[in-house]
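J.: Turn these sequences into a full structure, and let the hints steer you where they fit.
Residue numbers (this note's numbering), protein chains in the order written: chain Y, 1 to 214; chain F, 1 to 394.
By construction, these hints were calculated from the structure, which means they are not laboratory data. As the structure is a prediction and not an experimental result, all values here were calculated from the model. Be aware that one or more of the hints could be misleading.
Straight-line C-alpha distance at most 20 Å; calculated SDA-like pairs for lysine to any residue [said to hold, decoys possible]:
#1 F:K170 - F:N208
#2 Y:K208 - Y:R84
#3 F:K369 - Y:L173
#4 F:K139 - F:G150
#5 F:K255 - Y:A149
#6 F:K390 - Y:R112
#7 F:K392 - Y:N191
#8 F:K390 - F:A378
#9 F:K255 - Y:N157
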Amino acid sequence: MTYEIKNVWSILLRLFHWSLVLSIIALVVTGLYVNTPWTNTTLEGSVSFPMATMRYIHFVAGYLFAAAIAVRLFLYIFGNRQERIWDILPITPRNIRSFVTTLGYYSYISDRHDPRLGHNVLAGSTYIVTIVAAIFQLISGFYLLFPEAGFWQGLGNGIFGSQQQGRFVHHLLMWYFILFAFVHVYMVVWNDVKSPEGLVSSMINGKKFKHKNA
Amino acid sequence: MWCGAFRLKRAGNPLSGPVCQRRMTLVDHKKGVIEEMMMEEQAGMVKLSSSVSRRGFLKGCSLAAAALGLSEAMIPKLLEAAESAQRPTVIWLHFQECTGCTESLLRGSHPDIGRLILDIISLDYHETIMVPSGHQAEKSLHDSVEKNSGKFILVVEGAIPTAENGNFCKIAGRTAMDILAEVGPRAAAVIALGTCASFGGIQAAAPNPTGAKGVQELLSGVPIVNISGCPPNPVTFLGTVLHYLTFKRLPNCDKMGRPLFAYGRRIHDHCERRAHFDEGRFAEEFGDHGHKNGYCLYKVGCKGPETFSNCPAARFNDVDVWPVSVGHGCVGCTEPDFWDTMTPFYERLPEVAIPGTGIIADADSVGKKILGVAAAGAAIHAAAGIIKSKTKKG
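T.: Structure representation (structure tokens):
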């Protein structure tokens, strides 16, 4: 069996992916701490500064997350063929077919497999939902970070109503990202086992292996 | 609903009754004090100066200037405006509420602020403390609106019920909606005093059976300022009134119509316990070591991080206390829908109701359960895949 090496993911997309991974891990850990600080101390003075430190990491990771999302939005329009939004938006007949085929493939109903180079449309649609969730997560985050700023106050009050509601949405969306990360990692590993094409390593070196006469 | 009970108060409160009729300038202020003391003694009342001393007057104005964030140089201007012989007419309407805003204004331990306000304004109609009752009261409202049309300040206390044509609150046979629609548009400016008048407050809590709404949802075309809080700080009210008298306009407001000088910053960001938060010292429960040592109340549900107010700076009742200073977390009373969104008061976040199940739980335990279900689903999915590939080979 002969394989052909295809360049699939640009360096910018891979940077986006791993920035997102890193920032989500940092954000979830520090975010859970900020909501429920699990340490407690009776030490007084500057020897102890856990909440301020956690918040600092959270904010830095938040900016990394924001930058990653901005890059992905850029690539949705200006990326390569696989990265553009038209390749994964389930509105064209080709993409809807991929969505349905993948559903059957994932649930063991059929062995037919969409052989496209980029995301299958089921995965791609999930990523679009995730990017939308990320945008709301960013709006609620900046709304909480800059409560006095007119722009964020207007936007946040308009969408969430109040700081407390913004915080609540921010917290619930965190659980979406935890669930997404779990399901994402499971499905990637499953795909790599089921149809070997170097899916996991493609996010590191940008290349996939395709059957020459597939 | 409960508005009917308040009508009884119209007979007038013996202690504060004369306040409304008092029309003295500060020049003959001393004479007035003596006369009033004699009056009160004759009536066998508690001996209380119902007017403010010069010292108290200056103190109150300085306090308001500080609350407004004005420089020392502005204090004489405030004094000038406050002493002006042309005192603005104020009409004070009570709707669906508990009168707590008025109470907090008038029943401070040192009632200088309440009295100061009553000295610098001409309060023509205030159901709790006015002398007239019945038709006389209605007449004074009507006369004052006619006489000062377009010039008076309207203070609204309480929410306005709008369901069932507003029949839940009636005063003199007319609904609160009617009265507001008649008086409101003729005011020069409206001060919505308290969270009920600002955002609907407790009356507007889900499921809001009376359709209670704040003034800003029902009135347009008139400048409205929201002094939210349950109760609001009298210093904030005084500051707003003095700002209006001095600069002839309402103070700058945030997106919810609350004056920035008082609601421009979150409680958490200027709380005296903030250092304990940053340095990780928390009360885990009421009465524990951390609580006794004055540590941060974040873990017992303090809503300071999501509430805008000047409570930590202005404090209450002239004895320099506010909820957090005495060991109870903020409940977020200055925010819209606080009764719905800030509860449970002793938890950080609202609880999640899972539709169709009747289950109400906190977000994290729901999140963990969903994650558990997802993990189980993944395990079953993987097992199914292995079984399928084994049976194929077999």
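J.: Hint check: F:K139 vs F:G150, CA-CA at most 20 Å. Holds or violated?
T.: Given pair F:K139, F:G150 holds - Cα atoms ~18 Å apart, limit 20 Å.
J.: For the pair we were handed, F:K369 and Y:L173, check the Cα-Cα distance against 20 Å.
T.: 15 Å, holds
J.: Quickly compare the C-alpha distance for F:K392 and Y:N191 to 20 Å and report which way the hint goes.
T.: Distance of about 18 Å is within 20 Å: holds.
J.: Decide if the proposed pair is consistent with the structure: F:K390 and F:A378, CA atoms, cutoff 20 Å inclusive.
T.: The hint holds at about 18 Å.
J.: Between F:K255 and Y:A149, does the CA-CA distance stay at or below 20 Å?
T.: 10 Å, holds
J.: Has the given pair, F:K255 with Y:N157, been kept, meaning a C-alpha gap of at most 20 Å?
T.: 8 Å, holds
J.: Keeping to a limit of 20 Å between CA atoms, is the pair of Y:K208 and Y:R84 held or broken?
T.: 17 Å, holds
J.: For the pair we were handed, F:K390 and Y:R112, check the Cα-Cα distance against 20 Å.
T.: 19 Å, holds
J.: Take a quick look at whether F:K170 and F:N208 sit within 20 Å of each other, Cα to Cα.
T.: 18 Å, holds
Violated hints: none; the structure is consistent with every hint.
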